[in-house]
Amino acid sequence: MELDRIFDALASGPRRGMLASLAQTELTTTELAGRFAMSPPAVSRHLSVLENAGLVASRRDGQRVLYSLVRDTLVDALGEFTAQLSPAAPPRKAREAI
2 MELDRIFDAL
12 ASGPRRGMLA
22 SLAQTELTTT
32 ELAGRFAMSP
42 PAVSRHLSVL
52 ENAGLVASRR
62 DGQRVLYSLV
72 RDTLVDALGE
82 FTAQLSPAAP
92 PRKAREAI
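Read in order, the letters of the sequence shown are residues 2 to 99 in the working numbering.
Wrong hints could be hidden among the right ones.
Derived DEER-like restraints, expressed as beta-carbon distance ranges [what the hints assert, rightly or not]:
(1) Glu3 x Thr26: 19 to 29 Å
(2) Ala21 x Pro41: 27 to 37 Å
(3) Leu86 x Val66: 35 to 45 Å
(4) Arg60 x Gly18: 14 to 24 Å
Please keep in mind that the hints were generated in silico from the structure rather than gathered at the bench. On a predicted model such as this, the values are computed, not experimentally measured, just so you know. Ideal Cβ placement from N, Cα and C applies to all residues, glycine included.
Work the whole structure out from these sequences, hints included.
Printed below as a string of structure tokens:
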């Protein structure tokens, strides 16, 4: 997991807003553009950053492309970052295995 790429993606307010919307339901670029008063190309650029960070997944539905949040990536990144802050504590996955 590349934390820098994930946190760079999360550094943008609009991208965090898109993630919040995608946490509720799958949306198209056009639907997100309407929610955030952005052009579809601008939303597409944001989605590309989020997808490259592994935070968003896309799937085709006919002619539409639907985007959704990849929760595991976000949870794992936060867990890894937290573990780096307190190296004496075992990582979350290790604690769950106990």
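Hints versus structure:
For Glu3 and Thr26, the Cβ-Cβ distance of about 27 Å falls inside the hinted range of 19 to 29 Å, so the restraint holds. Remark: the range hint 27 to 37 Å for Ala21 to Pro41 is contradicted by a beta-carbon distance near 19 Å. For Leu86 paired with Val66, a C-beta distance near 37 Å keeps the hint of 35 to 45 Å intact. Take Arg60 and Gly18: their Cβ atoms lie about 21 Å apart, and the range 14 to 24 Å holds.
Checked against the numbered hints above, the structure violates only hint 2.
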